[in-house]
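Chains as they are written, first to last, in the numbering used here: chain A, 1 to 404; chain B, 1 to 340.
Hints are computed from structural coordinates only; laboratory data are not their basis. Given the structure is predicted, the values throughout are model-derived calculations rather than measurements. Just so you know, even glycine gets a beta-carbon here, dropped at the ideal spot from N, CA and C. Mixed in with the good hints there might be a few duds.
Chain B is faced by these chain A residues, among others (derived, beta-carbon under 10 Å) [what the hints assert, rightly or not]:
1) Thr129
2) Leu131
3) Gln132
4) Ser160
5) Tyr172
6) Asn202
7) Met352
8) Asn393
Cβ pair distances, simulated, as ranges [said to hold, decoys possible]:
9) A:Ala29 to B:Asp270: 58 to 68 Å
10) B:Asp270 to A:Glu3: 38 to 48 Å
11) B:Val174 to A:Gly316: 51 to 61 Å
12) B:Asp270 to A:Tyr36: 46 to 56 Å
13) A:Gly128 to B:Thr20: 38 to 48 Å
14) B:Asp274 to A:Glu3: 34 to 44 Å
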Amino acid sequence: MAERVLITGMGMISAIGNNVEENFRSLRAQRSGIGYSQYVDTIHRDVLPVGEVKCSTAELAEMAGITDATGFTRTTLLGLIAMQEALLSAGIRDAAETPTAFINASTVGGMCDTEKIYFDILDPEKEGTFLQLIDALDCADCTQRIADHTGLTAYVTTISTACSSSANALMYGARLIRAGLVQRAVCGGTEALTRFTINGFNSLKNIDKRHCMPFDNDRNGLNLGEGAAYLVLESESFAQRRKARPMAELSGWCNTNEAFHPTSPSPEGDGAFEAMRKAIAMSGRTLEDVQYINVHGTATLNNDVSEGRALERLFGDNVPSFSSTKPFTGHTLAAAGAIEAIFSVLSINRQMIWPNLNFNARMEELRISPETRLLEESPVLNVVSNSFGFGGNNASLVISKYGY
Amino acid sequence: MDIKCYIQSSAAISPQQSFTGDYIPQLLPLTERNLMRAVEPAYTGFIPPNSLRRMSRLLKMGLTSALQCLRNCNSAVPGAIITGTGRGSLQDTEKFLHDIRTYEETALNPTPFIQSTYNSVNGLIALQQQCTDYNNTFVHRGFSFEHALLDSILQIQEGVAESVLTGGFDEMTVEHHYIKSRIGYWKTELTQPADMLGSDTQGTIAGEGSVFFLIGTAPSAVELKGMQMLYKPTPEQLTASLSQFLTQQGVAPEEIDLLVSGRNGDTRFDHYYDVAEKVLPSSVEKIHFKQYCGEYDTAGAFGMWTATQELLSGRHKTALLYNNFYGEQHTFVLLQGSKS
Numbered sequence: 001m002a003e004r005v006l007i008t009g010m011g012m013i014s015a016i017g018n019n020v021e022e023n024f025r026s027l028r029a030q031r032s033g034i035g036y037s038q039y040v041d042t043i044h045r046d047v048l049p050v051g052e053v054k055c056s057t058a059e060l061a062e063m064a065g066i067t068d069a070t071g072f073t074r075t076t077l078l079g080l081i082a083m084q085e086a087l088l089s090a091g092i093r094d095a096a097e098t099p100t101a102f103i104n105a106s107t108v109g110g111m112c113d114t115e116k117i118y119f120d121i122l123d124p125e126k127e128g129t130f131l132q133l134i135d136a137l138d139c140a141d142c143t144q145r146i147a148d149h150t151g152l153t154a155y156v157t158t159i160s161t162a163c164s165s166s167a168n169a170l171m172y173g174a175r176l177i178r179a180g181l182v183q184r185a186v187c188g189g190t191e192a193l194t195r196f197t198i199n200g201f202n203s204l205k206n207i208d209k210r211h212c213m214p215f216d217n218d219r220n221g222l223n224l225g226e227g228a229a230y231l232v233l234e235s236e237s238f239a240q241r242r243k244a245r246p247m248a249e250l251s252g253w254c255n256t257n258e259a260f261h262p263t264s265p266s267p268e269g270d271g272a273f274e275a276m277r278k279a280i281a282m283s284g285r286t287l288e289d290v291q292y293i294n295v296h297g298t299a300t301l302n303n304d305v306s307e308g309r310a311l312e313r314l315f316g317d318n319v320p321s322f323s324s325t326k327p328f329t330g331h332t333l334a335a336a337g338a339i340e341a342i343f344s345v346l347s348i349n350r351q352m353i354w355p356n357l358n359f360n361a362r363m364e365e366l367r368i369s370p371e372t373r374l375l376e377e378s379p380v381l382n383v384v385s386n387s388f389g390f391g392g393n394n395a396s397l398v399i400s401k402y403g404y
Numbered sequence: 001m002d003i004k005c006y007i008q009s010s011a012a013i014s015p016q017q018s019f020t021g022d023y024i025p026q027l028l029p030l031t032e033r034n035l036m037r038a039v040e041p042a043y044t045g046f047i048p049p050n051s052l053r054r055m056s057r058l059l060k061m062g063l064t065s066a067l068q069c070l071r072n073c074n075s076a077v078p079g080a081i082i083t084g085t086g087r088g089s090l091q092d093t094e095k096f097l098h099d100i101r102t103y104e105e106t107a108l109n110p111t112p113f114i115q116s117t118y119n120s121v122n123g124l125i126a127l128q129q130q131c132t133d134y135n136n137t138f139v140h141r142g143f144s145f146e147h148a149l150l151d152s153i154l155q156i157q158e159g160v161a162e163s164v165l166t167g168g169f170d171e172m173t174v175e176h177h178y179i180k181s182r183i184g185y186w187k188t189e190l191t192q193p194a195d196m197l198g199s200d201t202q203g204t205i206a207g208e209g210s211v212f213f214l215i216g217t218a219p220s221a222v223e224l225k226g227m228q229m230l231y232k233p234t235p236e237q238l239t240a241s242l243s244q245f246l247t248q249q250g251v252a253p254e255e256i257d258l259l260v261s262g263r264n265g266d267t268r269f270d271h272y273y274d275v276a277e278k279v280l281p282s283s284v285e286k287i288h289f290k291q292y293c294g295e296y297d298t299a300g301a302f303g304m305w306t307a308t309q310e311l312l313s314g315r316h317k318t319a320l321l322y323n324n325f326y327g328e329q330h331t332f333v334l335l336q337g338s339k340s
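One chain only, chain A, in its complex shape (with noise of 0.2 Å):
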């Protein structure tokens, strides 16, 4: 039997927060981060909502500890910033003690800060320190400048599957450390609100002018957010040798592709049936043993009808409580599946479960509904966390309270 995977560390910033512990009180006060934007240079500023991290780039740098911000950009910061809270909530001071993968995720770099400049940089005749962020036109860049401040350097690299990035990076940090690669591996994603984002999601007119309806028959499609999550990996083994603090297991994971539409799902939801079917199987759990579902949930018209579908189809009449956090952070992306992540193991270990908001009416094609309230001393053993994403690709993890 391969090595138990467990979580023992965890980091992160987002609209609602700019640690766990923030983004925790927010949850249980039900108070969202979507509003309009302070920070990114669009016409659409005033029109559509987003999740924003309340910080200016220049606040971030000083909270990440950057004195010479030159060339860092907020995808770099916002990722430093929850890669110092895991690696310092895992006990860990020096992370180039022992060899660590960095399994990053990002879906367009540090386009936050190159969009501003790409003009400049065609320009011939212009020069300055701008073009140190030439570099950062990549998905690499943050990565590396992470692992470089941070020492975790075993294997480093970046993945970019569109919206289920970071839940990708999760799983493949724990099969590097199953198959015995590493003992630990750092995994999540980090992305920032750019132009080029807003205006790709409002081309394909999935934003809706409102704060996002996840499940509700009126809903009219996302609102974008940024944020940056990482959570610390280490087999069983490792992490009890050195009295590590286990806060969950990841105990399942699946990635299927849909091969069914370059950006939609299929109507019936195959590919998220079969992602959360086989990640549950792996899992060693039954549907039963499921208390909560964070749902991927973007309030886009296809995605709520496919995912709705597939958890009808999965767990017929017997749907756990299921609900998307999305309306409290916006849709993030490649960070999404992280940060999701996270709230799962807080569900497990605060036995809450989070409330989708801005629900009003159950969907017409579906018989379920999510849980709207605020559950608070609710046995939560076993998460299902998804992330759909472009490209067909779906992702599930299971979360599990370590031990049982």
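Use these hints to put chain B onto chain A, whose structure you have.
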């Protein structure tokens, strides 16, 4: 590795005539800039005409080389699709950036945005071949194709997949070539591929390409013995790691009869190749594959393809691929042929 992995087929679109016919690498003449352009094949027979019109260049190259790789071994549905790309579809990213500016963020066509998504080629392959299994895309410079390869090996070792379609692809646009010239990626004077290794100047020649492999458990003429990646090693760490890697693989340096080397004539990073070569006997034959494909994030895939072709020819038995990308991401891959 507990389960042996073999290269069951491959297909390469590159600056060379690699997609069709017998492979005879040529030192190409360059006239305008330090860029070796990929030779695009005829796409009819691979992609339906109505899809072809919409698709951008990298998507066409990626999908077509993937399909040809599957055709070469009469396979239709691999057990997983795992790829690497450093830049994705640059043409689409650039188009969307320009469109945002030109049309002032209004009435934008979403197609370039969708196609600029790094996993769009993977999604297309899955869609066209109806492959619903594991699908992943790595986007990390010289660790893009390389992690796709490691992920593929893991899929096979885990017993999840019997075969994996593994690829690496990148394109270079004129615009991006200019951008990278501003931070010293390319040689400043027009340099011919024939002169790139001896030019004694900084920078290199850009390239592009799309290379796919079907890696699986069914024995074939080329075995993928193992691989190792190193992030920003010192020269000492590189030497030690290469020796250790060969020991782990049970291969003496003298047994390696071919070094496929990523040496690209950039004087800033040549010393890494010097160091690696010192671990091997001086008699080892060397192929410097970037003379034929140029430098790009996923050039390592073309290097592995070159090594595979050499082993298939029977000229060599044991090939070591060593590549690094601008001195940061370093990779060894060991391949063994059964032809003699």
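Which numbered hints turn out to be false for this structure?
1, 7
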